Amino acid sequence: MSADPLHALASAGKAKSTRSVLRVVILALIAGAAIASRLFSVIRFESIIHEFDPWFNFRATKYLVAHGFYKFWDWFDDRTWHPLGRVTGGTLYPGLMVTSGVIYHALRALTIPVDIRNICVLLAPGFSGLTAIAAYLLTNEMTTSNSAGLLAAAFMGIAPGYISRSVAGSYDNEAIAIFLLVFTFYLWIKALKQGSMLWGALCALFYGYMVASWGGYAFITCLLPLHAFVLICMGRYSTRLYVSYTTWYALGTLASMQIPFVGFLPVKTSEHMPALGIFGFLQLLAFLDYVRSAIPSRQFQTFLWVFAGGSFGLGLAALAIATSAGFIAPWSGRFYSLWDTGYAKIHIPIIASVSEHQPTAWPAFFFDLNMLIWLFPVGVYLCFQELADQHVFIVVYALFGSYFAGVMVRLMLTLTPVVCVAAAIAVSTLLDIYLTAKSPKPVEGQPADGGDGAAKKAVKSGLKSTSKPLIGVYGLYSKVAIVGALTVYLLLFVLHCTWVTSNAYSSPSVVLASRLPDGSQHIIDDYREAYQWLRQNTREDAKIMSWWDYGYQIGGMADRPTLVDNNTWNNTHIATVGKAMSSREEVSYPIMRQHEVDYVLVVFGGLLGYSGDDINKFLWMVRIAEGIWPDEVSERAFFTPRGEYRVDGDATETMKNSLMYKMSYYNYNKLFPPGQAMDRMRGVRLPEVGPSLSTIEEAFTSENWIIRIYKVKDLDNLGRDHASAAAFDRGHKKKKATKKRGPRLLRVD
Amino acid sequence: MRWLPSFLSVSLLAAGSLAARKSSEERFKTYHAKSLSSTPVKLGDSTYRELTSTPRDYTVAVLLTAMDPRFGCQMCRDFGPEWDLLSRSWVNGDKAGESRIVFGTLDFADGRDIFMSLGLQTAPVLFLYPPTVGPHAAASPDPIRYDFTSGAQQAEQVHSWVARHLPDRPHPPVKRPINWVKWISTFVILSGGLTASYVAWPYILPIIQSRTVWAAVTLISILLFTSGHMFNHIRNVPYVAGDGKGGIRYFANGFQNQYGLETQIVAAMYGILALSGISLAIKVPRISDPKAQGVAVFVWAAILFVMYSFLISIFRGKNAGYPFALPPFM
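Here the protein sequences come in this chain order: D and C. One rule links them: number in my numbering = place in the first sequence (from 1) + 929. One rule links them: number in my numbering = place in the second sequence (from 1) + 7.
Hints may contain errors.
[Said to hold, decoys possible] Each pair of labels, with its calculated beta carbon distance range:
| id | chain 1 | residue 1 | chain 2 | residue 2 | range |
| --- | --- | --- | --- | --- | --- |
| 1 | C | SER192 | D | SER1226 | 51 to 59 Å |
| 2 | D | GLY1538 | C | THR193 | 52 to 60 Å |
| 3 | D | ARG1221 | C | PHE194 | 18 to 26 Å |
| 4 | D | GLY1538 | C | SER124 | 25 to 33 Å |
| 5 | D | PRO1570 | C | MET123 | 53 to 61 Å |
| 6 | C | SER228 | D | GLY1164 | 19 to 27 Å |
| 7 | C | MET337 | D | PRO1570 | 43 to 51 Å |
| 8 | C | GLN216 | D | ARG1221 | 20 to 28 Å |
| 9 | C | GLN216 | D | GLY1572 | 51 to 59 Å |
[Said to hold, decoys possible] When the alpha-carbon atoms are kept at most 25 Å apart in a straight line, the in silico SDA-like pairs for lysine to any residue are as follows:
| id | chain 1 | residue 1 | chain 2 | residue 2 |
| --- | --- | --- | --- | --- |
| 10 | D | LYS1599 | D | THR1583 |
| 11 | D | LYS1397 | C | ILE279 |
| 12 | C | LYS182 | D | ILE1250 |
| 13 | C | LYS290 | D | SER1394 |
| 14 | D | LYS1119 | D | PRO1203 |
| 15 | D | LYS1408 | C | VAL313 |
| 16 | D | LYS1408 | C | THR225 |
| 17 | C | LYS298 | D | PRO1369 |
| 18 | C | LYS29 | C | ASP75 |
| 19 | D | LYS1408 | C | VAL302 |
| 20 | C | LYS298 | D | ILE1400 |
| 21 | C | LYS290 | D | LEU1316 |
| 22 | D | LYS1122 | C | SER217 |
| 23 | C | LYS290 | D | THR1365 |
| 24 | D | LYS1367 | C | ALA299 |
| 25 | D | LYS1397 | C | ILE310 |
| 26 | D | LYS1122 | C | ILE321 |
| 27 | C | LYS290 | D | GLY1413 |
| 28 | C | LYS41 | C | ASP64 |
| 29 | D | LYS1408 | D | TYR1418 |
| 30 | C | LYS298 | D | ALA1410 |
| 31 | D | LYS1397 | C | ILE289 |
| 32 | D | LYS1119 | D | TYR1171 |
| 33 | C | LYS41 | C | ALA170 |
| 34 | C | LYS36 | C | ALA170 |
| 35 | D | LYS1546 | C | ASN243 |
| 36 | D | LYS1397 | C | ASP296 |
[As the list claims (entries may be wrong)] So, partial list: chain D residues that the calculated Cβ filter (under 8 Å) puts toward chain C:
| id | residue |
| --- | --- |
| 37 | ALA1290 |
| 38 | TRP1291 |
| 39 | PRO1292 |
| 40 | LEU1311 |
To be clear, the hints were calculated from the coordinates, so they are not data collected in a lab. None of the values given here were measured: they were computed from a predicted structure. C-beta atoms are modelled at their ideal positions from N, C-alpha and C, and glycine is treated no differently.
Using the sequences and the hints given, assemble the complete structure.
Here you go:
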C-alpha cells in the first residue's frame, strides 16, 4: 500500500527544515483562524466597543492617548461617583490601556493613521493569536510529541471558553491577561526545567505585566507556590526549583508593587501569603540541603526533616496569629467567597448580584469546551505516566482550575488553557499511536515473562496501567476506525465552536439584533439612541442617576457625569441609589436633590420582552439598599403575602409606589387599548390605571422603550410640594392647595 | 371535688386581673427575676397578655413558635436553640436589667388564643414590643416583627436586629458556650488517628506514594467539578424532580438548571468517555495478542462513539437550539 507519493510525502516531512517551515506556516494559520473567528460581531454589526466595562477601558485609553502617560497615572476623574469622584489612575489596572497606547503610537510612528477605537476593538483578537502561540510553547514543554503543541494552539484559538471574553470589541482586561497567563506559565516551566535565572527573570517580567493588567493575577500568585509546595512534598526539592522560584518571587513581587493599585498588598494580604511562605520555606530547605551534604549522618538527616516540617507548622501558626491580630489583612471578600461559597450572598450582595459570579452548571462547561471536557481527564491521566516536574504543574493547575471554574462562571477563562493543553496531549497521543504506517510484528513465543519482570519494577514508580511494554497497533482497520472517529470529533468540535461563537458570544449587547418574521435581521439600537440624546440635549455637567450597570456606558457614550458605575468601590453610594430607586417619591426626591441629580435613566424591557432590564434587577437594588438602611427598605415588602414578586395589579403597595416601578410603567398603558396593557417580559397584564409621577417628568423614551429618561423637577415656584402641584395640574383642586406660602424649602423626610 | 376546676379558674382569673393591675415597674421586676432563673421566660395565654399590656416602660421580645413535632415546623426547631442562646447570653450579661428587656417564648401549645387573636398562620414569629412610656417610648405600641425570610437565622443576626431597636442601652454580646464535647471528640479522634497512622505507617506509605491512587483522586475530583457539583452545593438543587405524572424527571429543563442526579449521570458519562480514551491511548497498544487488540479497539471505540452521541443528545435537550448530533441518538 505504500505508494511512491506517500513515501515522498513521508520523507519530505522528515527533513528537519521542511518540518519547521510547515510548523511556522501552521502556527500562523492557527493564529489567523483565532483572529478570524472573533470578527463575527464586527462583520455583523460594526466596529464597536461591547458591553459595560470595555466602555470605561476605552474612555481611559482615549484619556491616555490624549494626555500622555503621566497625566493618566495621576488622573482624578470627577465625572463619575458624583460628588465623590474617583482616583482613577490609582484604582485601575493600567496594562490594557498602556498596551493599546503603545500600539497606537508605534503605528503612528510608522505613519499608519489608525483610529484608537479600531485598535481597542481589535486588540482582543490580536492577542488571542498570541495566546495560541503561547499555548503551543507551553504544550511543547510537556511532551515530546510533535503534534501536541499545534493541537493545543488550535484548541486554544477556537475554544469558546476563551472566545467568550475576547471577541472583537470586547476590550476588557481579560483580552490580554489570558495571553500573559499562559505565557507566564510557559516561562515558569522553562525556568524550572533549566533552573535558569534568566528564564526566571523573564517569568517575573511577564508576571509583572500580568499584575498590571488583571486582578486575576492572584491565580498565578497562588498556583506557582502551590506547584513548588507539591514538588517539595513529593521530595523533589532541587536547586533548579530554588533558583527559579526565588528569582521569580523576588523580582515578580518588586514588579507587582510598582502598580499603584497593588502597592503593598503583596506583603500585607492573605492572598499573597502562600507565595511569601514558600519563599521562606525554600530558603530554609536550601540551608538544610547544604548542611545535609556536609554531615552524612542518617539520624541527623531525620532530625533535619523533622525540623523542616516543624518550622513549616510554626510558620503556618504564626501566619494564623498575625492574621487574627490584624497585621495581615484576611482574605478579601471576593477571594474568600471562592472558598466559603455561601459568604458572598450573606455579606456582600454586590458581588453575589453579578451574573458572572454565579456557580457554573454542567451545560455551561460543555457549551464552552465541547469534547475537550472529556479529553481533559485523559490528558491529565497521561501526565501521571511520566510525572516530571512540569506534569505536576498540569495536574495541580487542572485541579484548582476546575474547582474555581465550578464555583464561578467567569473563571472558566482560567480553566480553558489547561483544558486545551491536556486535551491536546490526549489527542496527540492517540494520533501518534494510531496514525502511523508502522505495525508491530506479532511475536510468537512468551513475552509475558519479560513483561512481568518489567512490571514489578515499573509498578513502584509509574502507573499500574503502564507496567507492560508499549507494543503498537496491529490492524489497519483499528487504525482507520480510531483516526476516522477522531477526525469526526475534531470536525464536530470546529463546527460547535463556530456555532457557539456566532450565536452566543458575538453580540455587542449595546446593539441588539432580532429577526423579523421574514427572516431578515432587525437592529435594535435603543441604547445608543438614548445616549446620543443625552449627549445632545443636556448640559455637559448634567448628573445622570442610573443603576450602576450603566455607569460606564453613560460615561463613555453620553459623556455625562454619573452617580455610580461598574467600578463598585463604594457600596454605600450604590446603596443610596438603590434606596432612591426603591423608595416612595417623597423619600427619593430629597436624595436626588442632595446629589444634584438632573436626569434619571431606567432600562425597561416590558415592551420588547428584553430580559436584562431594571425591573428584573430591582431586587438586587432593594437588597443592597437594605444592607445599609434595614429600617427604611425591606425586601419583604416587595413580595406579596404569598411570597411572589409581582408587577401587575396584585403587586404590593411598596412596589407600586417605588420610583423604579413608576418610572418603568409610566404612561405605558397608553400604548395599548384600555385595560389591555401587557408586560411582555414578565407576561402579565398591567392594571388599567398606570402610575403617576409628581417629582420627575418624562424627558425621553427610546424607540422600543428600552431606555427611559426622566428629568428631576426643580422645586415648585409657588412653594407647594410636588404631589399637590401635580394634582393641581391634573385638575384635582384641593382646598388647602394655596395655603402654604413661604421660602422655597427642600423637604427632607 | 367537682368545684376544684371552677375554683381554680376563678382564682386564676382573679390572679390575672390582679397581675394586670400591677404597675409596669412591678411587672418588669417580676419577669426579670423570672428570667434570671430561666430565660427565655416560658409564657402562656395570660402571662403573655400581662407582659405585653400597656403602659409598659420596658421592651419585650417574644418568639412565637411551635415546637411540637406534630406541626413539623423545621425552622422553629432550628431557631429555638439560637433564641435560647441569645436570651441567655443577654440576660447573663445584663443581670441588673439595665437594658430593660424581657425575653419570652410562647409555644403554640400553650398560647393557641394568642396565635388566633394575632391572626398568625405561620411560625416562628419574633415580635419586639417597644416601651410605651419612659425615656425610650416608641410612637406606636404595636410590636415590630422580625422577618424570617431567609431561613432560620443565627443568634448574632437577631442580636444585631434587637440591638438596633434598643439604642442607648447596653447590648450584651452573644456568647457561644464552648462546645466541650466537640473539642474533646476532635482531640480524641485526632490523637487516635495519629497513633493509628504511626502504627500503620508501613502500610499507609505505599498508598500515599502510589501514583495510581493520586491519579484516581485527581480524576474523580476533576469529573466532580466539571460536571457542576459545586453548583449543586451552592444552590442546594433537588436531587430529582417529579414530572407531574407520577414519574421521575432526570434532567432539568433549561440551560441554567440541573438536578443532583443529573450531574452524577453527566459525571459518569464523562468518566466513561475518559476511560475509553485512556484505554485506547494506554491499554490497547500494550495488548500483545493481535486479535484481542482488534476486538478491544472496536469495543472501546464503539463505547466512546455511542456515549458521546448520547451526551450530545442530552445537551440538545437542555439547549433547544443546538444543531449538532451524532448517529445513534439523533
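To see whether the hints hold, each was checked on the structure:
1. C:SER192 / D:SER1226: 51 to 59 Å: 42 Å, violated
2. D:GLY1538 / C:THR193: 52 to 60 Å: 56 Å, holds
3. D:ARG1221 / C:PHE194: 18 to 26 Å: 35 Å, violated
4. D:GLY1538 / C:SER124: 25 to 33 Å: Distance hint for GLY1538 (chain D), SER124 (chain C) is violated at roughly 47 Å.
5. D:PRO1570 / C:MET123: 53 to 61 Å: 18 Å, violated
6. C:SER228 / D:GLY1164: 19 to 27 Å: Since SER228 (chain C) and GLY1164 (chain D) have Cβ atoms about 23 Å apart, the given range 19 to 27 Å holds.
7. C:MET337 / D:PRO1570: 43 to 51 Å: About 49 Å separates the Cβ atoms of MET337 (chain C) and PRO1570 (chain D), which means 43 to 51 Å holds.
8. C:GLN216 / D:ARG1221: 20 to 28 Å: 21 Å, holds
9. C:GLN216 / D:GLY1572: 51 to 59 Å: 55 Å, holds
10. D:LYS1599 / D:THR1583: 23 Å, holds
11. D:LYS1397 / C:ILE279: Holds, at roughly 23 Å.
12. C:LYS182 / D:ILE1250: The hint holds at about 22 Å.
13. C:LYS290 / D:SER1394: 7 Å, holds
14. D:LYS1119 / D:PRO1203: Judged against 25 Å, a Cα distance of about 22 Å means the pair holds.
15. D:LYS1408 / C:VAL313: Within the cut-off at roughly 19 Å; holds.
16. D:LYS1408 / C:THR225: 30 Å, violated
17. C:LYS298 / D:PRO1369: Holds. LYS298 (chain C) to PRO1369 (chain D) sits at ~13 Å (cutoff 25 Å).
18. C:LYS29 / C:ASP75: 33 Å, violated
19. D:LYS1408 / C:VAL302: Answer holds: LYS1408 (chain D) to VAL302 (chain C) is near 12 Å, not above 25 Å.
20. C:LYS298 / D:ILE1400: 14 Å, holds
21. C:LYS290 / D:LEU1316: 18 Å, holds
22. D:LYS1122 / C:SER217: At roughly 24 Å apart (the allowed maximum being 25 Å), SER217 (chain C) and LYS1122 (chain D) satisfy the hint.
23. C:LYS290 / D:THR1365: Since the Cα atoms of LYS290 (chain C) and THR1365 (chain D) sit roughly 17 Å apart, the hinted pair holds (cutoff 25 Å).
24. D:LYS1367 / C:ALA299: 19 Å, holds
25. D:LYS1397 / C:ILE310: 24 Å, holds
26. D:LYS1122 / C:ILE321: 43 Å, violated
27. C:LYS290 / D:GLY1413: 20 Å, holds
28. C:LYS41 / C:ASP64: At roughly 18 Å apart (the allowed maximum being 25 Å), ASP64 (chain C) and LYS41 (chain C) satisfy the hint.
29. D:LYS1408 / D:TYR1418: 15 Å, holds
30. C:LYS298 / D:ALA1410: 15 Å, holds
31. D:LYS1397 / C:ILE289: The hint holds at about 10 Å.
32. D:LYS1119 / D:TYR1171: 14 Å, holds
33. C:LYS41 / C:ALA170: 22 Å, holds
34. C:LYS36 / C:ALA170: 21 Å, holds
35. D:LYS1546 / C:ASN243: With Cα atoms ~22 Å apart, LYS1546 (chain D) and ASN243 (chain C) stay inside 25 Å; holds.
36. D:LYS1397 / C:ASP296: Roughly 13 Å between the alpha carbons, so the hint for LYS1397 (chain D) and ASP296 (chain C) holds.
37. ALA1290: This interface hint holds because 5 Å falls under the 8 Å limit.
38. TRP1291: This hint holds: TRP1291 (chain D) lies near chain C, its Cβ roughly 4 Å from the closest one there, short of 8 Å.
39. PRO1292: 5 Å, holds
40. LEU1311: Nearest chain C Cβ about 7 Å off; hint holds.
Comparing the model with each numbered hint stated earlier shows that hints 1, 3, 4, 5, 16, 18, 26 do not hold.
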